[in-house]
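Residues per chain are reported as follows:
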Amino acid sequence: MSNLQKSAWFGLSVAIATVLACLVLLALFGPLVATAGFSVYALTALMPFLYGGGPVDERERLVSRRAGLAGGMASYLWLCLICMLLWFLRYRDADPRIDVNVLPAIVAGAAIALLLVRSLTVLILVGRPLEVGE
Amino acid sequence: MSAPPIGNNIRRLRFEHGALTQQELATSCGVTRQTIIALEAGRYGPSLALAFRIARVFDVGLEDVFFWTEAGS
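Residue numbers (my numbering), protein chains in the order written: chain A, 1 to 134; chain B, 135 to 207.
Just so you know, not all the hints are guaranteed correct.
Here are some chain A residues pointing at chain B (derived, C-beta under 8 Å) [to be verified]:
| # | residue |
| --- | --- |
| 1 | Ser2 |
| 2 | Leu28 |
| 3 | Pro31 |
| 4 | Asp57 |
| 5 | Glu58 |
| 6 | Arg59 |
| 7 | Met73 |
| 8 | Asp93 |
| 9 | Leu130 |
| 10 | Glu131 |
Think of the hints as simulated: they come from the structure by calculation, not from any bench.
Virtual Cβ for every residue (Gly too), placed ideally from N, Cα, C.
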């Protein structure tokens, strides 16, 4: 298994652990404390030290670039969907405002979507047919 | 995602050149062993630069290593 795959497994584990930590904190202490579960995400800072500085050849660069693109798209999609959802839920209210404490959760969700989809895409693409310039 | 329409003789050439291992070929070409595995399995269409590097390791022409597999293209 290459370092790129190992880092993808690590990223996937961190993303799932972050979601679980947030859900546990949400169940135990409520929505204000739940965002603190996002601190698990800081483990991603270890990835360059554990698995090297990045892709080492052209195939890994190709996989990494496509996975990054997929992660970015997932993150963007999350931001669009959550903003539209909040608007849809509140726009009929007499006082259509949202709690500012929702904002860190939206940003955390975008970061988790990025890591989750990027890691999954790496794991899928390493076993799939690829061609330079496709 | 379909397999790239580029076949290759890398596996045969490795054995014709003193049973060169995938790792040795990968090191000579500056890629990972996973990339050589993907090439041999027909799951990766390499860049022109990598194709030339592989051909140079075996000291043969590019078309002795890689060939087009899609009929009528």
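Hints versus structure:
no.: 1; hint: Ser2; verdict: holds (5 Å)
no.: 2; hint: Leu28; verdict: violated (43 Å)
no.: 3; hint: Pro31; verdict: violated (41 Å)
no.: 4; hint: Asp57; verdict: holds (4 Å)
no.: 5; hint: Glu58; verdict: holds (5 Å)
no.: 6; hint: Arg59; verdict: holds (4 Å)
no.: 7; hint: Met73; verdict: violated (17 Å)
no.: 8; hint: Asp93; verdict: violated (46 Å)
no.: 9; hint: Leu130; verdict: holds (5 Å)
no.: 10; hint: Glu131; verdict: holds (3 Å)
Of the numbered hints given earlier, the model fails hints 2, 3, 7, 8; all others are met.
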